[in-house]
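The chain contents come next:
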Amino acid sequence: MEKKEILTQIRVQKKLPNLKYGLKKEAEAFTDRLFHTLFDAEADLENELDTLATQFSTLVALACWETGKSCHETWDTYVKGLPQILSKLNADAAAIHACDPASLSLEEVYLAYPGFLAIAVYRLAHPLYLLGFPLVPRLMTEYAHRETGVDIHPGAQIGESFFIDHATGVVIGQTAVIHNHVKIYQGVTLGALYVDKDLGNTKRHPTIESHVTIYANATILGGDTVIGSHSTIGGNAWITQSVPPHSKVYHNAQNSIKTNTHA
Amino acid sequence: MEKKEILTQIRVQKKLPNLKYGLKKEAEAFTDRLFHTLFDAEADLENELDTLATQFSTLVALACWETGKSCHETWDTYVKGLPQILSKLNADAAAIHACDPASLSLEEVYLAYPGFLAIAVYRLAHPLYLLGFPLVPRLMTEYAHRETGVDIHPGAQIGESFFIDHATGVVIGQTAVIHNHVKIYQGVTLGALYVDKDLGNTKRHPTIESHVTIYANATILGGDTVIGSHSTIGGNAWITQSVPPHSKVYHNAQNSIKTNTHA
Amino acid sequence: MEKKEILTQIRVQKKLPNLKYGLKKEAEAFTDRLFHTLFDAEADLENELDTLATQFSTLVALACWETGKSCHETWDTYVKGLPQILSKLNADAAAIHACDPASLSLEEVYLAYPGFLAIAVYRLAHPLYLLGFPLVPRLMTEYAHRETGVDIHPGAQIGESFFIDHATGVVIGQTAVIHNHVKIYQGVTLGALYVDKDLGNTKRHPTIESHVTIYANATILGGDTVIGSHSTIGGNAWITQSVPPHSKVYHNAQNSIKTNTHA
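These protein sequence lines are chains C, P and V, in that order.
The first sequence begins at 1 in the numbering used here and counts up by one.
The second sequence begins at 264 in the numbering used here and counts up by one.
The third sequence begins at 527 in the numbering used here and counts up by one.
Keep in mind that the hints were calculated from the coordinates and are not lab data.
It should be emphasised that the depicted structure is a prediction, and the values quoted were computed from it without experimental measurement.
Backbone N, C-alpha and C define an ideal beta-carbon position, used for all residues, glycine too.
Heads up, a few of these hints could be off.
[As the list claims (entries may be wrong)] Here are a few chain V residues that sit away from chain P, every Cβ distance over 12 Å (derived from the structure): (1) VAL538; (2) HIS562; (3) LEU643; (4) GLY754.
[To be verified] Cβ-Cβ distance ranges computed for the label pairs, FRET-style: (5) ALA555(V) with GLN272(P): 44 to 54 Å; (6) ALA94(C) with ALA304(P): 39 to 49 Å; (7) GLN767(V) with THR77(C): 51 to 61 Å; (8) SER368(P) with THR77(C): 51 to 61 Å; (9) SER505(P) with LEU542(V): 49 to 59 Å; (10) GLN157(C) with ALA617(V): 22 to 32 Å; (11) ASP32(C) with ASN706(V): 38 to 48 Å; (12) VAL275(P) with LEU656(V): 19 to 29 Å; (13) THR58(C) with THR584(V): 26 to 36 Å; (14) GLY395(P) with GLN157(C): 44 to 54 Å; (15) THR584(V) with GLY132(C): 38 to 48 Å.
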């Protein structure tokens, strides 16, 4: 097989003319800059906002968004929401610092907690999702997924003072609803009972009411599943039905233990 | 202790003259370029193939491969397989888009699904593994592991239209065999029942037949374990024995629930 | 809302004057250089040690460390320990190669095992934690967490010849104690039974005695929980109480299987 033939065969199979990986890089650079603009003490705030506006235009051009509004108008709407997002994220950071015995300073939360980064990128992506831009917010949260191991769909609804610790393996589905003061540990899935393409417009992920704590690797599935407020879900618990408020759910170990006392 | 003494002590313990981390960087750059060459609408295909050939020569030189064939010959064999790999990956992307209710476009699958990246790098690494190059394909899939949380050994055998969603924590062992149209979710392990160095040449990971779906965090272990075709394995299931075709295996929750109704 | 007003609102909420993300980047560059200095055959050892000393000064300045000792003195203490850390890490690599049937060469362990990278960064961060620098060692291990999916707190105590395979999702808490020749697989949590801010100075994570193997996704919780030496903890096991030496603990599958034989 000649090189020419190989090239032809590859070209035939490249069917998506708008599959530009430059969009992915731009979305990630935009996300990084947003994050540093809000939190880095050394960011030149005014300049950064101007650069963000330019990056936003580039994203709009690359993503071929068909929206009623002009790009400029959309950015103006989005940027007005940034102070409120920052306020919410400061509350998230405070909640993490207040809850984790291993946390020594608020600076540590902002700089070193992957859970904080994941929440921040979700809160920055969610308004773009609501504004009707499907691809860029997904690229933003998927970027955070790569950096942190936390996969939050930008369509999820998450209340105030949200805490994720250790982070790796957390999955929060598109139609999950999380109220205020919820704490989640590594490996927790808020997922669908089963997956079928036809379910695209159905609520298929659970609702977590306020002041609920969900320990590591617990799995909560189903769009009708509601974890009542002030409940504690123990590590490894497997839940596919609703739980009333003020409940404690614990996984019972199912182990066999053999000890060789003569070893 | 003097600086000179520290230097001497460190030098004494550096025992591997071929431990060149440049190889790792080159393998990752090669993987990135392969991926973009196949999928990015903006890649200059002809130039990219030439650069890939040069990068391949560098990898061969760095990895000190002892092979019967010349480097040039090996590349020629590998590059001829690229159109077929691309064809398989397009089928994988189509399967992801067809199955996931949260997926809005095929572009989203290519750009934002870590499961697609993991499968792509596996399919690009596997032929090099079969050609007898042990280290570079491992560096390739380990690169994808870092980016996606999916650890697929390049020696695994994976059929067509393979789907991984959410991705983080998936482990597919060296001797696993996966037939066509299999779907896997986050945290699934296809692993060994136990690990011992002497088992290097034994089939120690399971076989998954066609049209099987394995939901999140299920664990399937053992080289003799066969999941029969058209079976569904529920989330969190723990399986160490074969399951006949057309089975449904569900994990039974083992929870204690206490609700404080007077809170 | 005017741009000026948005800027003012953001500025009001930036409360931490020392939140400099440059510190994070510097800590990561320092970690990378330390790693390559010890392992890369192509590193110019003498120059690298000089550059590391400079980077360390920058870190000290950025982190505003209040310590009794001068920065220079601290670096001198730290650098003297590097040969011993290297010696331990070579033993870790040898243990990985000796145990994993899929490992073909020692080079592969150093270049491609995320578990090795995670252990290396932990061993390089732990002495800085003991020297009383809280933030930089956390940034170091969190960097490794991002790259590998392994979250080891720099305060954990880990003995010799430690092995982590597949890596993603491992969490080892601040007060965990791990003796020699321990093997751990993906998704294992050595965590706290419950989390409360007041527990900051309490031992809340388990002790793993020598020659223990813990298979994938097992969870071991509690500061009083001791896994006795020479024990094997099966995958998915859930342990919140001590286990005597020479024990084998296995998770019993709790599955329902239905097979449609007429399909």
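Against the structure, the hints come out as follows:
1. At roughly 35 Å from the closest C-beta of chain P, the C-beta of VAL538(V) stays outside 12 Å, upholding its exclusion from the interface.
2. Not every CB of chain P is more than 12 Å from the CB of HIS562(V) (nearest about 6 Å), against its label as outside the interface.
3. With a least beta-carbon separation of about 9 Å from chain P, LEU643(V) fails to lie farther than 12 Å from that chain, contradicting its non-interface assignment.
4. With a closest Cβ-Cβ approach of about 19 Å to chain P, GLY754(V) is found to remain outside the 12 Å limit, as its non-interface label requires.
5. The beta-carbon spacing between ALA555(V) and GLN272(P), approximately 24 Å, falls outside the hinted interval of 44 to 54 Å.
6. For the pair ALA94(C) and ALA304(P), the supplied restraint of 39 to 49 Å holds, since their beta-carbon distance comes to about 45 Å.
7. The given range of 51 to 61 Å is respected by GLN767(V) and THR77(C), whose C-beta atoms sit roughly 55 Å from each other.
8. A beta carbon spacing of about 24 Å between SER368(P) and THR77(C) contradicts the range 51 to 61 Å that was offered as a hint.
9. The beta-carbon spacing between SER505(P) and LEU542(V), approximately 57 Å, falls within the hinted interval of 49 to 59 Å.
10. Our hint of 22 to 32 Å for GLN157(C) and ALA617(V) is violated, since their Cβ atoms are close to 49 Å apart.
11. Checked against the hint of 38 to 48 Å, the C-beta distance between ASP32(C) and ASN706(V) comes to roughly 42 Å, which is consistent with it.
12. The beta-carbon spacing between VAL275(P) and LEU656(V), approximately 25 Å, falls within the hinted interval of 19 to 29 Å.
13. Against the hinted window of 26 to 36 Å, the Cβ-Cβ separation of THR58(C) and THR584(V) comes to about 33 Å, which satisfies the hint.
14. Distance hint for GLY395(P) and GLN157(C): a CB-CB separation of about 52 Å, consistent with the stated range 44 to 54 Å.
15. Range check, THR584(V) to GLY132(C): about 45 Å between beta-carbon atoms, so the 38 to 48 Å window is met.
Hints 2, 3, 5, 8, 10 from the list above are not met by this structure, while the remaining hints are.
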